[in-house]
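Novice: Sequence:
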Amino acid sequence: ILLYDQYLLAQGMKNYSKWQNYHRFLNSFIIDAMEEGYLSKNPYKWVNINKGKNNDGLSKFLTSEEFYRIKNAKLNTESLNKVRDVFVFQTYTCLSYTDLKDFDISKIKTINGMKVYIGRRDKTDKEFTIPLLKPAIAVLDKYKNKLPIISNVKYNAYLKIVAQFVGIDKPITIHWARHTGATLLLNEGIPMKIVSKICGHSSMKITEKIYAKLLDETVVKAVNKIKDKI
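For the sequence shown, position 206 matches number 206 in the working numbering, and the numbering has no gaps at all.
Keep in mind that a hint or two might mislead.
What the hints assert, rightly or not - Cut-off 20 angstroms, straight-line C-alpha distance, at most; resulting in silico cross-link-like pairs (PhoX-like, lysine-lysine):
#	residue 1	residue 2
1	Lys144	Lys82
2	Lys160	Lys82
3	Lys60	Lys74
4	Lys197	Lys109
5	Lys123	Lys160
6	Lys154	Lys107
7	Lys101	Lys126
8	Lys51	Lys101
9	Lys197	Lys82
10	Lys107	Lys134
11	Lys101	Lys82
12	Lys197	Lys115
13	Lys115	Lys134
14	Lys115	Lys146
15	Lys101	Lys154
16	Lys144	Lys115
17	Lys74	Lys101
18	Lys170	Lys154
19	Lys45	Lys107
20	Lys107	Lys160
21	Lys144	Lys101
22	Lys126	Lys71
23	Lys160	Lys60
24	Lys134	Lys82
25	Lys82	Lys71
26	Lys74	Lys142
27	Lys101	Lys45
28	Lys71	Lys14
These aren't lab readings, by the way, just hints derived from the structure by calculation.
Modelling step: build the complete structure from the supplied sequences, incorporating the hints.
Specialist: Below is the structure:
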């Protein structure tokens, strides 16, 4: 692992990038191997890998056009369709992979005629409130309220195949669903405070730091509304 880290650094890779795009996935494989009984300990616990800091979390997201390409794709295998459907559900709910695995249909309530999923984030124990939009409900209906969740390693691998299938050349991962969902909400005019509640962030500063960026078309759309008034 240390030699691997030295190699990545020699390629000129920044600390945050090498951790997110390489070490994190190797670590996921090791965790799966431990669950299957091939390893008893995770060596990452005894090595110090500089993870760096993410100053541009929103760089790991899909544009609305890219997301709808995935959402509407005619995929040719059941496995890919299941992964795509889970990704769509995850995007519309902004759930992390851990909270997605713990999804509990009994926590859905109806408030003012709308189905809402209420729970607490496993990572921060912060409460989230997620209004379920029609595409998310459609996924639940399709799988009779039992999402076809697979391991994060397999999920990431299949997700990359789905992205390639629709012509998206980005290193897409599970976490992109959460980023994409928050980005879509913000660019549809949902206030930052509401997005923070949906994501279950421990403070709105986290939401602002990671997601406070508008897509170019959103900026143009907003200015177009007032261009003839000034």
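Novice: Please go over all the hints and tell whether each is borne out by the structure.
Specialist: Hint-by-hint comparison with the structure:
1. Lys144 with Lys82: 13 angstroms, holds
2. Lys160 with Lys82: 14 angstroms, holds
3. Lys60 with Lys74: This hinted pair is violated, its Cα atoms lying about 24 angstroms apart.
4. Lys197 with Lys109: Answer holds: Lys197 to Lys109 is near 16 angstroms, not above 20 angstroms.
5. Lys123 with Lys160: 25 angstroms, violated
6. Lys154 with Lys107: 27 angstroms, violated
7. Lys101 with Lys126: This hinted pair holds, its Cα atoms lying about 17 angstroms apart.
8. Lys51 with Lys101: 25 angstroms, violated
9. Lys197 with Lys82: Not satisfied, since the Cα-Cα distance of roughly 28 angstroms exceeds 20 angstroms.
10. Lys107 with Lys134: 17 angstroms, holds
11. Lys101 with Lys82: 14 angstroms, holds
12. Lys197 with Lys115: Distance ~16 angstroms between Lys197 and Lys115 Cα, so the pair holds.
13. Lys115 with Lys134: With Cα atoms ~10 angstroms apart, Lys115 and Lys134 stay inside 20 angstroms; holds.
14. Lys115 with Lys146: 17 angstroms, holds
15. Lys101 with Lys154: Distance ~14 angstroms between Lys101 and Lys154 Cα, so the pair holds.
16. Lys144 with Lys115: Holds, at about 16 angstroms.
17. Lys74 with Lys101: 25 angstroms, violated
18. Lys170 with Lys154: 17 angstroms, holds
19. Lys45 with Lys107: Distance ~35 angstroms between Lys45 and Lys107 Cα, so the pair is violated.
20. Lys107 with Lys160: The given pair, whose Cα atoms are some 31 angstroms apart, is violated under the 20 angstroms limit.
21. Lys144 with Lys101: 16 angstroms, holds
22. Lys126 with Lys71: Violated. Lys126 to Lys71 sits at ~29 angstroms, over the 20 angstroms cutoff.
23. Lys160 with Lys60: 14 angstroms, holds
24. Lys134 with Lys82: With a Cα-Cα distance of about 18 angstroms, the restraint between Lys134 and Lys82 holds, given a limit of 20 angstroms.
25. Lys82 with Lys71: Holds, at about 11 angstroms.
26. Lys74 with Lys142: Within the cut-off at roughly 16 angstroms; holds.
27. Lys101 with Lys45: 24 angstroms, violated
28. Lys71 with Lys14: Cα-Cα ~32 angstroms, so violated.
Taken one by one, the earlier hints fail for this structure at numbers 3, 5, 6, 8, 9, 17, 19, 20, 22, 27, 28, listed in ascending order.
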